[in-house]
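All chains should be built: construct the whole structure from the sequences, respecting the hints.
Quick note: the sequence shown, position 29, residue 29 per my numbering, numbers continuous.
In case anyone wonders, no lab produced these hints; they're calculated from the structure.
The calculated label-pair distances, taken between Cβ atoms and stated as ranges, are: (1) Pro113 - Glu225: 37 to 45 Å; (2) Ser16 - Arg50: 39 to 47 Å; (3) Arg5 - Lys74: 43 to 51 Å; (4) Gly49 - Ala240: 49 to 57 Å; (5) Arg50 - Glu177: 27 to 35 Å.
Everything numeric in this text was worked out from a predicted model, so none of it was measured. All residues carry an ideal CB built from backbone N, CA and C; glycine is no exception.
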Amino acid sequence: MTGHRTFEDLVAEGASVPTEGWDFSWFEGRATEARPSWGYATSAAARLGRASAVLDIQTGGGEVLDFALAQAPKRPPLVVATEGWPPNVAKATALLRPRGVAVVAAPEDAPLPFADGAFDLVLSRHPVRPHWAEIARVLQPGGTYFAQHVGPASVFELVEHFLGPQPDEARSGRHPERERAGAEAVGLDVVDLRAERLRMEFHDIGAVVHFLRKVVWMVPGFTVEAYEPQLRALHERIQADGPFVAHSTRHLFEARKPGSPSAPPT
Numbered sequence: 001m002t003g004h005r006t007f008e009d010l011v012a013e014g015a016s017v018p019t020e021g022w023d024f025s026w027f028e029g030r031a032t033e034a035r036p037s038w039g040y041a042t043s044a045a046a047r048l049g050r051a052s053a054v055l056d057i058q059t060g061g062g063e064v065l066d067f068a069l070a071q072a073p074k075r076p077p078l079v080v081a082t083e084g085w086p087p088n089v090a091k092a093t094a095l096l097r098p099r100g101v102a103v104v105a106a107p108e109d110a111p112l113p114f115a116d117g118a119f120d121l122v123l124s125r126h127p128v129r130p131h132w133a134e135i136a137r138v139l140q141p142g143g144t145y146f147a148q149h150v151g152p153a154s155v156f157e158l159v160e161h162f163l164g165p166q167p168d169e170a171r172s173g174r175h176p177e178r179e180r181a182g183a184e185a186v187g188l189d190v191v192d193l194r195a196e197r198l199r200m201e202f203h204d205i206g207a208v209v210h211f212l213r214k215v216v217w218m219v220p221g222f223t224v225e226a227y228e229p230q231l232r233a234l235h236e237r238i239q240a241d242g243p244f245v246a247h248s249t250r251h252l253f254e255a256r257k258p259g260s261p262s263a264p265p266t
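Structure (structure tokens):
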């Protein structure tokens, strides 16, 4: 229970929790987010069972790939992952090495360090932005890109509490139809694109602080000191009215590279 804890205590706790990886279990009882109906990790597991060479882009701490591999009916012969943030590289390496997955340190905005046509399946969950030309390049003909992306104006109720009203360009960024156009521009065929808007609740200000420290692109440069007035106002609002409600947006994206796939390994 957090109802009788002070603003200072809650903020200090949210500011001290480690932020590595994409394990959100700390939020249990303090924040909630509805999950998309399509079940990305389970769907990815099914595709892993049919693949021979797999790349997971921007794997974070490796938690989602680890779950999918554990659920896959068969492990692909080759699985590699990329990650750009050093703490996550270390976390993902420790988690995925026992599954035989190599984690490659690669900045999110750099070319993928792999040969043309190296993979028949490329996965990604919540990439900062999809680099369509690179995704198309490393896919073999007939290969699939399967991903869950963050959509437009995601959690903007919270963003605008701290930053004020955002311009239309910011609100429409990550729009699924823009991403469809980007994929098609490099020759990929989009075969599935589904979007959902999902309810989130923040039950205390400590959860807000931890979320903004963990998902750093929401309020760039966020620190408790810089946004103390907004934090205090939101704390008082939660105390008076109950959980702060926001909405995330997600879309499922599946695209294929035209051509016939290579023969599977014997």
